[in-house]
Structure formats: structure tokens, C-alpha cells
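Once you've looked at the hints, dock chain D against the given chain F.
There are 2 protein chains.
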Amino acid sequence: MTGAQCLLQTLVNGGVEICFTNPGTSEMHFIAALDRVRGMRAVLGLFEGVCTGAADGYARMAGKPAATLLHLGPGLGNGFANLHNARRANTPLVNLVGDHATYHLRHDPPLATDIESIVRGFSGWVRRSRSAADVPADASDAIAAAMTPPGRVATLILPADCSWEVSREPAPAPAKPRPRPVAPDRIREIADLLRRREPTVVLLSGALCLEEGLRLAGRIARATGARMMGNRVNSRTQRGAGRVVIERLPYPIEPSLAMLRGTAHLVLVGSPVPVPFFAWPGKPNWIVPEECRTHVLATPDEDCLSAMSDLVEELGAPGDVSAVYPHQRPPLPTGEITAGKIWRALTALMPENAIVSDEGVTSSRDAEAWTFGAPRHDWLNVTGGSIGQGLPVATGAALACPGRKVFAMESDGAGMYTLQSLWTQAREKLDVVTVIFANRAYKILRGELKQMGIAEPGPKAAATLDLGNPDLDWVKLAEGMGVPGSRAGSCEEFADHLRDAIRHPGPRLIEVIL
Amino acid sequence: MTGAQCLLQTLVNGGVEICFTNPGTSEMHFIAALDRVRGMRAVLGLFEGVCTGAADGYARMAGKPAATLLHLGPGLGNGFANLHNARRANTPLVNLVGDHATYHLRHDPPLATDIESIVRGFSGWVRRSRSAADVPADASDAIAAAMTPPGRVATLILPADCSWEVSREPAPAPAKPRPRPVAPDRIREIADLLRRREPTVVLLSGALCLEEGLRLAGRIARATGARMMGNRVNSRTQRGAGRVVIERLPYPIEPSLAMLRGTAHLVLVGSPVPVPFFAWPGKPNWIVPEECRTHVLATPDEDCLSAMSDLVEELGAPGDVSAVYPHQRPPLPTGEITAGKIWRALTALMPENAIVSDEGVTSSRDAEAWTFGAPRHDWLNVTGGSIGQGLPVATGAALACPGRKVFAMESDGAGMYTLQSLWTQAREKLDVVTVIFANRAYKILRGELKQMGIAEPGPKAAATLDLGNPDLDWVKLAEGMGVPGSRAGSCEEFADHLRDAIRHPGPRLIEVIL
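Those protein sequence lines, which keep their order, are chains F and D. Per my numbering, the very first residue in the first sequence carries number 1; after that it's consecutive. Per my numbering, the very first residue in the second sequence carries number 1; after that it's consecutive.
Here chain F stands alone, though its shape is the one from the complex (with noise of 0.2 Å):
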């Protein structure tokens, strides 16, 4: 077998089946090893973005990595901003970058680059395979490494001799690594402090915003008056009728200090110390109250749910919990279009287990609100700070959730990054409706102007953050690649055009102008 087999071959016996592809010359190998080894699905994007991006969504639905194939550094720079946000989500992915042949490389040919240097922003394990005969065992520990809790980008490097050569057996799955036991004394501590009923807010993350988690977080609210809380940035959260509801920290720096404002305790529960996205002239840089006492429950790459669990169990918290999502829909909103509207339509007419990717950016602010009542679904958010990440990762979703309807909430201004994630969806017949807020505008550089202290930006100031002259025509560029597109110039328009969406499987679009 060749490298490029056995790489194949091992990523399949670790569990990762789906590979997000967009090859060049030295990723032949791994193309034509396609057709040899059973059980990888190849899904080609035509820009590196939505591979990147998307396998982050796959893995944050499936629980399992995907691979990337990237064309050598170029290639790699394409996919940099979403294996931002991948790091930024603890998204577990097997990243694999293609490269000049051993010896080929000395000679400086014009695609060469620096990719060691490259990679280090975002990758918690990097390796440069350095024969064929290292690829199996250089897979196996790519997979391993991604896995690694809460879960990391990992980076293999191939030469392109090294899939060509000939290598040895593929390795077999690597033991899935486990994450760290917490310490029974860390569990008494944070109990300890939970039964003292001062202002204290649990910050929770990862697996915590997930059903089982949420359960555990509520009976701590019910049985100790904590306040559950998660990051903006979370990855992945499970919302709708019956779970728990928790608070989210907000983007903008005022009502996030007025949220933790009077707090003496904050635990962290596999989550950082929450900060602002941005410093602003003359505004705090933090968000945590200065005489708030900040507590570790579990770091990141500590087994938080069972830390969570047997909190529960020190507290001899009740089965009772904190406040659930009713199960309330809105009625349709009629008439001029908002933001708030599109959503509470979204609510009224949300299938059940449905997906939401959220990238609306300045019309999602208050998503969270215009959303309550919603049947069960699971919330992904842009994670990075990144725009450009919402419309693959509902890419991803999709193929690692086939049954279930995803729905990619999506700014004008964010969705342009990475609009050829269309082409893959109606490729791969996905079921995705795309919502695009079409306010013509980059809004929320707009506000963060004025948080800059500028009151009125100059014509060119304004040009720069204006996305009319021209206005994009969405209806177009989704039909430019195969996807069906209709644009809702009121409520009454864009309930028709959601209900129909809802009703036929494959990926849709509906621009909404604002």
C-alpha cells in the first residue's frame, strides 16, 4: 500500500470517515487512494474556507473529527480563519496539509511556503511525516492528538512523496483518550462554596451546554440559587422545549459587565476566564467584577460532566430543575420586515431536532429572546470571532446530521467569505435553508465606531462599511450554484418561503432585506 492508503486506511479504523478536500498536484495520492480503501467520503469545497469550516461543523454534530486536505501553504492560509474558529470551539479535527516532495523542496519552487510557521496559530499538535513508512503511525497519532480533550486541531504535514512511496500496514484506531478526573477535594471545595448562597455564576462550556449537562446544571441552579451561564463563543448548545435555559454572556462590553455585575464567585467549568472581544478607548477591558473570586470546577481538558455529575451528588441536588425553554411557539409575524421577526417566523415554524448556525451577527443580537419557545434544536455559533464560518459549518452539520434540518442564519457581510459553501451544499443535496439578513451594511462595525468614540463617520469612512453600491443580488449568486433561491420583501413572503423550505428537502435560500 501506498502512503497515501495507509493514511487513508487509518484514518477510517480511527473513526474518521468524511474528508473536506480541496486537492492540488501533491495531494494526488490521497485522491486516487479514494477509490481504494473503503469508508472515507470526500466532499469537495471550491475554496479552502468551507472545507475548513465545515469539518468544524461536522465534528461539533457528529462528536467525532473529520479531515481536511489542503494544498500546501496557500491552501492552508485559505482555511486559516475557520481553523481559527475550530481552535476557539475545542473542535477535535485531523487537519492535513499537503506538501512538496522531500526533495523537492530545497530547490524553493514558486509554491513553497513556511508551513510550520503557518499552523502554529491554530494547532494543538503539528507533524511533518518524514517517510511512508511514518504515515500510519503519524496518522494514528494525528487522530489520537485531535481527540485529545476538550479537543484540538491536529496538523499532519505530507510530503508528497510520502503518500507515493510505498509504506507499511495501516496502524489501527488509536485509544481514544480520556479526559482527567477531577479530584474528589476540588468537588467538596466548589460544593462547599455553592451552599454559602452568595451571588455566584457558573460558567459552563462544552459538553455542559449539551442535554445531559444542561440537566445537571439546572438541578445545581434549583438546589443552590447559582446562576448557569455560558460563553458568546460557545460551539455547541442544545436548546428548545423542555431544556434547561442558561444565561449567555452578551457581545457588547456594557450589559456583559451589567450580567456579572454584584457576582462574588465565578466557577469555571471547562471554560477561560470570559473577557470582552475587543478593548475600546476609555472602557474596561475585562468583565468580571474586580472583587469577584474566580473558582476552577474543571479545566478544559478535565472530565467536566462527571465533574458537574458528582457535584450534583456532593450537593445532593434534587431531580428538580431550574427554568426550562417552554414549548410556546410564536404566532407569524405579518408585515415589515425585522431582524426579531425572521426569527420568531424561524420559531413559529422550526421543525423539531432542527440545527441552527448562527452567523447574523448584529440581526441575531437578541436571537436568544426571539427564539424562546422554539422546539428542541442545536445552536452553533461562530466561535473565533471569525466571520465567514456560518454558512460551512451548516455544511458540516448537515452531512454529519442527515434527517435533520439545518438552517444557517447568515449576515450579508459574513456570508460573502465563504459563499461557495452553496455550491458544496446543493452538491451533496444537503438540507440547508439559508436566511440571509441582508442589511447592505457591515452594521456592527457601524456600532463599533461609535464604541470607538467616533460619533459620525465621513463618506469615506462610511463607503468602507457599506455594502450597497452595489447591493448583492442572493437570489443570484445562490442560483449561480445550484441552489434555488427567493427573496421576502415582507413577513407574510418569507413565512411562504420558509414553510416551502421546510417542506422540501435540499438546500434552499431566502434573502430577507432589512
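Please note that the accuracy of each hint is not assured.
Treat identical chains as interchangeable: a pair holds within one or across any two.
Said to hold, decoys possible - BS3-like mimics (lysine-lysine), calculated; alpha carbons at most 27 Å apart, straight line:
id, residue 1, residue 2
1, K443, K460
2, K460, K450
3, K405, K450
4, K283, K476
5, K64, K429
6, K405, K64
7, K460, K64
8, K429, K450
9, K460, K429
10, K443, K283
11, K429, K476
12, K176, K64
13, K429, K443
14, K405, K429
15, K283, K450
16, K429, K176
Calculated directly from the structure, the hints in this document are not laboratory data.
Chain D in isolation, oriented as in the chain F frame:
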């Protein structure tokens, strides 16, 4: 003045008059300064690869740097591929990257990344401003670094507070760095070599591929019989009626080897030793014959033009030159479309002094022959091998050269990486005619599979090289971004559309189905 205002004024003082921008929060003070400082044009790109490629195209045609303004590590990542191409083009470019405020970075907010490690791959100069007071000197040094021969990407990282705090005075224009002169000894040595009239190839680069340099090359060729050649990846070549013809090394390995076979001496003038793009199993990974001796007339940072001029004098070469391009327009092709016929139709109709941005990939393999007989024009190449450069480069070239028609000859696969360029062309009303060669495949990779020794790809491999299923509709994609589009199904239709596009200013797109 704020740091941002000083920065802008320093750029303008130094001759940097255009900035390709995709800003975010950390760049808001730069954006606000656009209306406070005269002389800077800001051009918005909806994806950073558009900005970096346009800055490259602008500088190739304007002969001086543009600036880019990118948002933190992820924005830089999105611009990476075309910064890589700019590095390989020796393009002067002032690459401004905003970052978090100096005092905020230690909190590791979501968008924080290791920017320094990413920029290493393409920057000839890197600095991070330490304070607002340092910004004018930093900006001035960046301009000087960018213009240091043969041209470099100079990256200045700007923490947000260095933009918003009060700074000093703007800096004046830095002294323009001069190329190092070539020692007279070297001129005499190369003259002696050429007088021996052994089989010699002179490999030209940079300014030698523009009219004045080509005339010098043509006189030496005529006087000595040496062959004049350019690399495939040269950034800008002046061609067409009356200009000196030089040979050009092709992409594939076999014809490259054939072209240099029997060469006894290779003389480098501002060019690196040519190497194959890739290594292929069982094939040589060099182009220059083993028995050939390599000589250097001038390194890239030396004064290549003066060296060639001195060489002409040393040789006493008369004014006559070797072959020049004829002015001989071909008849308009008819019937079924082929790539060659499209190029010949362009040659038949091309206006004087046009600019061609060539990213036709397999559809451009024989473009040199197909455009023989065209009027004078400038030819811009993909330089670093990373596709997705053609549309942005055309965009920048049009901004550098108002009044000249730009033709972006683009493959469908390459075009999809940075299709957002079309929106910038529409907004800025640029005179760019984009011709999309729609072969609906990564056709080059079919060939590469064969070169790799894989004769017939299986169905999964074939699918990853296929851009059909669904077919892209480039007319809709163009119209979706405000560019009028049309589709040609025959050569007659193409000629009609092209004539119309040439007659009317402003952007157009013509999709040709191969």
C-alpha cells in the same frame, strides 16, 4: 493627530495612495482617518484575498506600493494566498494588519492569534508598533522596506491603541532605496561569455520584461545569438506589436526540459534558477541540464536594467534587435468554442495598450502562440502558483491604469476562490472584462494525476476534480455582484459579446462553455 492619522499621512507622503481594505473593530480609527487625511483612496473588498491580490496587481502596473488593511490574524489568513503570490512577484506592498490593543492581548480574546508567525511566510519585513508615537517612523520604514529592490511585502502590525492614541508628526517620504550596482567585472565576464557564442540562455525577470529592458535583451540576442527567456511566473511582461519576443518556460516538466536541452550556459538577470513547480515520481525534479553552467549577471536586488545596458555597451551591440512581435491580427474564429479560439478572438479585437491578467490555467497553455500578432499589451501572471489571483490582480491593475482595458482571462475553478472581486469591480466601475473558461473541472489536476502515474481515476477521485454537478452559472454569479454577464455558446457569440464589452466601459463578464 492620532496614530492612525499620522499613519495615513505618512503613507500618502511616501506615495502610497490607495488602500485595499476589509476592516474590523481594531481598524476603526484608520477608517475614521480616511476623512481627515487627503489623498488616500480606500477600496473595499468583501474578502481579504481580493484586497491582497488587488494590491499586488496595482503595484505591478503602478510601479509603486499600495497598502492593504486587514483585520487581525484571521483576516490576514484570508489574505495569505495572494500575499504569497505577491512575494513571488517581488511586489512592493505595505501590508497593514490591525491587532488588539497592546494591553488587551494578554487576555487572549477570541480573535487573538500569533500574527507574527503567520506573516513570516511572505513578508520581507515585519514590525509591530509599540506605541502611537512610533507609528510614523514605523510606517515610513515599512514603505522603504516595501520598495527595497526588487520589492517586498512589508508587514506592519498595528495594535488598536497605537491607532487611537495621540502620536507625533507624520513622517516625510523615505528615501527611495536604490538597487545595488553591478560591478563592471561581472559585466565584462558575461560579455566575454556571450562572445564565445556557445549555446546560452539569458533568463530575464522584473524590469527586463518591460519594453526598455526587452529592447536591451533583443539587442544582445541579435548581437550574440544568445536566447532570451522569461520564467513562467514573471509578474509583468510587455508584449505585442513591435516589442521584442522572448521565450517563456512552460509549466510542464517535459517541454521545459526540451526547451533548455543542450544549453551550455544559463545567465541569470534578476531571476532565480528555474525549477519545476512540483516533483513527479520517476521524473527529474530540475529543469536546467546538469552540464549547463549557471552565471549571474545581476541578483534580484541589483540594478538589472543598468547591468543589461552596460552589457549592451560592453558588447558594442548595434541597435537592431532580434525578433519582434508582428502587428497581425488573426481572422475572427468561428463555430465551436475552444480555448485557443477564444484567445484568437481576443487577439483579433484587443484594443491598444490593454492589460491581460492570465489565470486561464489549462486554457492558457498556448496563450503565447494564440496571442501572437496582438497590439501592445501588458501581461500579468500567477506568480506563486496559488490560484485565485487573476480576478483580484485585474481589479488592482484597473485601478492603477484608468483608461486602459483590462482582460481577466480566468478559469472557472481558479475564479471561484476570489469571485468577490467582481463586486469591487462593480462598485469602483472598473474597466475589466472577465472571460471565464468554463471547462467545469480542475482540468489541470486530471493531467497531474497522469503525471503522478495514475492513469484512470476512480469515481470518487474523479468527483473531487469535477466542477460540474451542479454546473456553476457565472452569469448569475456576476449579476449577483452587480457585474453584467453573458454566456457565449459559439465563437460568433463570443465575438459579439467581446466587441460590446470593449465598446462600453465598466466591468463585464463573459462565460464561455468549453
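Identify every previously stated hint that the structure contradicts and give their numbers, smallest first. Violated: hints 3, 4, 8, 16.
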